[in-house]
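Order-wise, the sequence lines are chains A and B. Under our numbering, the first residue of the first sequence is numbered -6, with each subsequent residue one higher. Under our numbering, the first residue of the second sequence is numbered 453, with each subsequent residue one higher.
One or more of the hints may lead you astray.
One side only, chain B facing chain A, incomplete, derived with CB under 7 Å [said to hold, decoys possible]:
#, residue
1, I475
2, A616
3, E618
4, E632
5, K846
6, N850
These aren't lab readings, by the way, just hints derived from the structure by calculation. What you are looking at is a predicted structure, and each value in this text was computed from that prediction instead of being measured. Built from N, CA and C at the ideal position, the CB exists for glycine as well.
Spelled out, the chains give:
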Amino acid sequence: MHKTIPSVIAFLVFSTASFGQNKIQISGQVTDDENQAIIGVAVLETVSNSGAFTDENGNYVLDITSFRDSATIYFEMENFQTEKRVVYGTSILNVKLVNDVNKLNEVLVVGYGSASKKELTGATTQVGKENIEKLNIPRLDQALQGQVAGVNIGTNSGSPGGTSNIRIRGLSTFGDNDPLIVVDGVIYDSDGLNSLNPNDIESVNILKDATAGIYGVRAANGVILIETKKGRRNTKPQITLSSYFGTQQAVNQLDLLNATEYAVIKNEMFGTAGEQLPFPNAQLGEGTDWQKAVFSNASIQNHNISIQGGSKNTSYSLGGSYFLQNGIVGNEKANFERLNGRVNITTKLSERLRLNSIFLYTKETRNALPENGIGSVLYNTINAFPTAPIKTVEGRYSYLEEVNDIINPIAQMENTYNTSWVNKFVGKEEIAFDITKNLVFTNRLNYNVALLDGKVFSPLVWYGPGKYANNAANEDLDPVQVEIADGVQIDRGASVSESRTTYTDLNYEGFLNHKKNITPNQTLKSTLGWSVFKRRGENLSGTAFNIPNNSKDYADISANLASGGFLNNVSSYEFEERLVSVFLRTEYNREDRYLLSGILRRDGSSKFGPNNRFGLFPTLSAGWLLSEEPFFKSDVISFAKIRTSFGVSGNDQIENFAYRAQLNGEGVYVFDDIITIGTAIGRAANPDLKWETTRQFNIGADIILFNRLNTTVNYFVKNTFDLLFQPDVSGIIGSYGPGGYPPIINAGNVSNKGVELEMRYSTNSKRALKLNAAYNVTYLNNEVTETPQGVDFLPGASFGVGGNVATRFEKGFPIGYFHGYQTDGVFQTQEEIDNASVIQEGAKPGDFRFVDQDGDGQISFSDDSDKTMIGTPIPKVTMGFNFNLIFKGFDLSGNLYVALGHEIIRNYERQQPYANQLAYALDRWTGPNSTNDQARITTELNRNGVFSDFYVESGDFARLRNLQIGYTLPTKFTSKAAIQSMRVYLSANNLLTLTRYMGYDPDVSSGSALAVGIDNGFYPQAKTFMGGISIRL
Amino acid sequence: MKIKLYIITIGLFFSGCSDFLEIDPPYTQDAENFFERQEDYERALVGAYDLLQGSFLNIWIGEIASDNAIAGGESVTDTEGLHEIENMSHDAVNNELRSIWRWNYAGLTRANYILEFKDKIDFEGKDQIIAECQFLRAYYYFQLVKFFGDVPLILDKRLGAEEAKEIERTSKSEVYRQIESDLKAAAAVLPEVQVIKGKVTKGAARSLLGKVQLYQNKFDQAASTLDSVIQSSMYSLINDYSQLFSVANEGHSETVFDIEYSGLEGGSYGCFICLEGNVAPGFQGIRQYNGPVYGDGNSYNLPTQDLYDFFDANDPRKDATVLNLDEFISKQANPDQIEYAKGAGGHTGFYNNKYIKKQGEIGLPDNDLTSPVNYKVIRYADVLLMAAEAHNRKSSPNDAKALEYLNLVRTRVGMPSISSNGSNLTEDIWNERRSELSGEGLRFFDLVRTGKASTEIDNFVPGKHELFPIPQVEIDLAGGNWSQNPNY
C-alpha cells in the first residue's frame, strides 16, 4: 500500500538544530472518532524533518526547529486518514483522526503517475502485500489467483518453477494473451515472473479496462503494475526476518486398476475379440502401484531478510531471499531454487532533484522432467500396467514391452538430467526534477537483462525393445553406430546439449507531470511523456556426443569425445525489436465530484512494416462521486462513485519481421548421402500487417456501505478486432513446406463480456475480534465473433494419438471450445442397432450411440458433420474468498478459489490394449442393460475411442488454497529481546479441493489459447504443510 | 509558454522516429534480394528437392487405397484418414490428403520460385538447375493430378494470398500438357549420369515422362519414350530381388529415380515433412517387435491376405514383398522369445517387406521416423513393364517387344517366360506389375488407370473413387468457387 506520506510506525531521526532558528514545541493527544486514544500515530513536520509518536495514552510532544513562524504538522496512522494542521508557534494541538478503513485516499500507481483511489476513473484493483506474502505461494501470479475479479490465473504446470498464465478479462486473441507486466516502471516478461520474490512486493495494481491504454500498443491484454517495497525517509532501519519450512504431497492419486482388475479387464478385452486371453490366471493381487512409486513427499523452504529505513535525504529498502522447492514427482529431479537480492534507494540529491534507483537480481536453478503429454513421467505412470514390477528379479527396470511408447517412469526419472539457470538483472535509474512545485520532470533508464542457460544430458539408455526413448543400441547400453560415410561407422554415445540465451531490454522514458488548480475547486493534472524501448535476444546452442563414461559427471560439451566432432552441432539466433512511444494524459477534477480523464498514446513498433508502423490509442474516462453531492444524504451509503471508460489499446506480440518475406524456411535434402542444407521460402510476407485492436467499454461503481463494506462492481464489453494470427491459407500458395508458414494476418474478432463484483469488509480496527474478509466473483462470456474470410474455424489441439482436432477457434463459440461427437448412451442389443433410425456404421452392441447432428440419418466418421460443441475450457464464473480473523495475538486466515462452468479433456489415457486404465473401466458395458454410460472393452475394431463427450469432464472445482493459523507473541515478551514483533504460524496450501474431475488437478491450463483445458497428464500442484516464523526487529 | 508546449506535444505525437524502427533481421537473406549468385540458385534448388521426401505418403495411400493393404496402426483413429481411405469411406476432411495437397504445392512453389528468377543472372550450369526445377515441378504436378484430377496450374511465380482466392482449377489434360513439356525440356538438358547421387537424370525425366504418357493412355508416345530409356543402356535389373531396397545396395543399376533419405538427423512427430528420414519403414515396422532382422514399428500399411495369395508359390517376390511374420518367427532360432504386438488399427499377419524397419538400417531417434531407406519412385523393372504395356496397347501393337520386356522381368526372379498376346498379354503385364511392384505405392493408381479398380477394390464406386476429394478446407480457402470432384 502506498501512502502519499509515510505512515509506518517508525522512530525518527531528528535533524540537528542550528543557530538563529525558532524552537517550537507542539503537544497534544490524538484520538479516534469514538474519542479513544490512538497509540503509535506518527506526528511529522517535514521541513525540519522532526517527528514523534503518540504514547499509550495517545499523547505526543514534538519539538521543531524552524526558520519560519509556522509549521505544517502531519498525523499519520495506518487505517486512518492523514490529518494536516498548520501551527503558529508553540501550542497544544489535539487531533481527531478519521477512520479510513476503506482506504479511499490510498494512492495507486497508474502508469507514469499516481492517483488516489477516490479520484480513479478506471477499473483498477489493487492487491496489497498482506494478501501476497502471507499465502506462501512461490510465484506471484499463482498468489493472485482468486484475488481480483476479472483476472483469471490458470496453471500451466504445478511442477516447481512451472508457470501460470494471467488472463485479464478473458482470452481476447488467438496468440499472446499475456498482460503487460511492469515492475517499478520496468517492462517485465510474464514468463519471467518466477524470478520475482513475492516477499519483495509492496503492491500489485491491475489495470483492467481501457485506462490501461496509457501503455498503448501493448495494453490490450491489460496491464499489471507491480511495486516493490520501498523505505521511508527518517526511519530507523527495520529488519524483517522470515522463514518457513514445509512438506508437500500429492493432493490425490488417480483411481487406476490394480493387477487383478487389470487382468480381468484385459481378458475381457481380448476375449470379446476372439483372441487368446492374456491372463489365464487373473488372480494377480494388487500388483505394482506405479503412482505410489512415482509420487513422494517433497520439501519446500523459504527464507527472507529485508531491511528498510531512511535518513534525512535517503530512503532504502534491501531484501534477500532463498527459496527451494522440490517436486512431488521427481523430488530433486524436478525442483526449483531461487536466490533474490534487491536494492531500492531514493535519495534527494537536492531540494528539487530526486534519484530513484532500483536493482533486482535473481538467480534461478530449475530441474525439470518431461511433463504433460506422451512421453511425460505422469503419462507413463498412468499407463504403465500393474502386472509389471518396477524392477525385475534380475534387478533391472522392467521394460513394459507390451505397450508402445510407454516407458518405465521410474527409470525415466533416473535418466533425466535437464537443468536450466536464469540470471536476471532488472532495475532502473530515475531522476525526478521538480521544475516548479507543480511540474515534475522524470527521466529514467530501465533495464531488464536475463541470461538463460540450459543443459540437458542424455545418457545412453535402454527402456526396453522398441521404446522410442532408447538411445543406446541395446540392453548393454552399447552406443548406436552411425555411418557417416560409405563404410565409416562411428559411435553415437551419450550427449549433452547446452544453450545460452541473452535477452537485453533497454528503455528510456521521460515524462512531465503537471498539476494545476484552475480555480480553488478545479484541478487539472497532466502527463506528457515519451518512451524508447529496445529488446535484443541472442542465442547460442550446441550438442555434443560421446560424453565419457555415460556419466553426468562429464556432462559438458568440453568433455565430448565425438570422433572428429562429426555428430556435434551448433545453432544460434539473434533478434531485435524496438518501440517508440509518446503519451499524453489529462485529468480534470471539479470539486472532487466530477472527474474526467483522457489518454492519448502513439506507438511505433518495429514488429510492423512501414505501411502500418504507427498507431494511435485514445481513451476517455469519467467518474462522478455521487456521495459528495450536497443532496446526497444516507446513513447506509457512506461513499458512492460511478465510473465509465472507453478506449482503444493494441497488441503487437507477434514474431519479429513477420511482415516481410524471409528465406528462413527449411530446404534440406540428401545428396551423396549427406544432409545438404539449402534455402527455402519461409513465412510469406504481409506488408500490411498491423497491431490488433481492443476496444473496451467499462461502467462501474464503487460503493461503501456502513463505512465498512466496500463494494466494486463493473460491467465490461471488450471487443478485439483484427486479431493477429496465422490462419491456414490455401495450400496452393506453397507455404506448407518445412519451415514455411502461412503469413500472419489481421483477421477475426473476439468479444469478452462480463460482470465483476468485489466486496471487502473490515471490522473496526479497535475491536478485540477483527475480521477482514473479501469476496469477488466474475462472470465472463467469451465468444469468437468473426473468423478470417474463407476460414470456418481454426483447428487447435488434437485428441489421442494421431487423432483428429479436438479444439477450435470458431465463430459463435468460445475460444478453444471442444468439438467432437456427442454420445447418447450405449447400444444394448443388435436389434437396437438394426432398428435405429440413424445408421452408425460398424456399431455393435456395447458401442457408443452417437448423435446425428446434421440429421442426415447416419453418423459420419469421415467428416465433421456430426461433431458438435461438447465443452469449453473457459470458466463462466470464477470466485475468490479471503478472510483474516484476528483475536488477541491469534490470527486465522483462509483463501478459497472457485471456478465453474468449464470442461476438461481427459487426454492422458493411452488407447492401447495393454495400457492400464482408470478404475471406471470396471463399470464397462458387459451385456444388454449392464450400463448405458460406458462402452464395451474390446480389441475389436470400434469407434468408442473417437473424441466424444465421454472424454470430456466437468472442470468445476473449489479449492482452499491457503489456510493458516498464527500467533503473534505479546510485545511485552518480545520487546525484552529487542524484537518488535514475532509471529509463528502453521499454514497449509491446497488443503482441500472439491471437484468431480478424475485427473490429478482440475486447475489445468495452457499458455496456448487453443490448448487450454486439455489434460495430458498434468503435473499437479502439491498440497503443502508449512510452519513458519517472521520476526521484525 | 503554453503555445510552445502544445507545439512540442503535437510535434512529439506526429514526428516519425521511423529510422529507429527500420531494422533488418540479422544474418538472413530476404526473399526479394536473392538469386544474386550461382550459389543462391543451388541452395534454392536443394529446397525444391526437399519436398520429394513427403512422398512416403504415396507409398501409404497407393497401397492402402488398393486391394494390397490395410491401414493398420495403433487404433482406428490413429491417422484416421488412412483408415477411411482403406474403407473407401474417405471424404473431403482428410489430413493425409491435405498433406498431399499442401506438400506438393509447397514443392512446386519452390521450383517456381527459382524459375521466376531464371533470367536474373547467367552462369555456367544454370541450364541444368533449370532442368532439375522443371523435373521437380513436373513430379509434384503429376502427384497432384494423380490424386485430384484438375488442379490450379501455377507457373514461374509465387502466388499472393488474394490471387489464391481467385484462381480456377486447370483441366487435367492441360496440367498433363505442362508436365510433359517440363519433362521434355528437362530430359533434353539433364545428363545421363549425375556425379552427385540423388540428382535427377535424363533417364529419370524420360521414365517419368513415359509414365505420365501411359497414365494418359498415350501408348505410342509412351512406347517410344520408354524405349529411349531402355536403349540408353544406363540401367539393368539386379540379380537379387530381395536386395532391391536395402540401404547397402542403394544406387544400384536398377535405380532410375529414387528419393533420398538419411538416418543422420533425429526427428520428432511434430512435423513429418521436416524430417530427413523416411517415415514409411518405421511406421510399417512390426509393432513392439523384439527379435532378429527387423526393428519395431507402428504396424501401418499391412499387406492383405489377398496380396499374399496372389503370388505364385515359387515366386521369390512373394516373401520379398510380403513378410509373413508368424512364419518368419517360427523359422528363427528361439521363436518363443520373439514377441510382437497387434495394433488395434487392424492386423493381417503380413508386413511390407520392401519398406520396413530393419536392424542395420536404423536412424537416429525417434527411429520410427528416421529410416535412411530411399524410396524408389521409378526403377528399371517398372520402366520395362510400362514399356511392355505401351507396346502391347499402342495403335499398332508390338507384342514381341512387349513379351521381351515382360520376360526380362520374369527371368530375373526365375519365373517361367510368358508367351501370350493381345489382351491376354495385357492382363499378364498388369498381373506382373502387381507381383513386381506391390508395396511401392503404385497399385491403386494402376488399378484406376487400367479401369480395374471397381472389380478389385471393395466399396470402390466408379465415377467417384478414381480421384480423391479435394480437401474441403482447401476449396474454402481458395475462395470456395471450385466444385468438388464428382460424387464427394
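Quick rundown of the hints versus the structure:
1. I475: holds, 5 Å
2. A616: A616 (chain B) check passes; min Cβ-Cβ to chain A is 4 Å, inside 7 Å.
3. E618: violated, 11 Å
4. E632: For E632 (chain B), the interface hint is violated, since the closest Cβ of chain A sits about 21 Å away, which is over 7 Å.
5. K846: violated, 36 Å
6. N850: It is violated, given that the least Cβ distance between N850 (chain B) and chain A is near 39 Å, above 7 Å.
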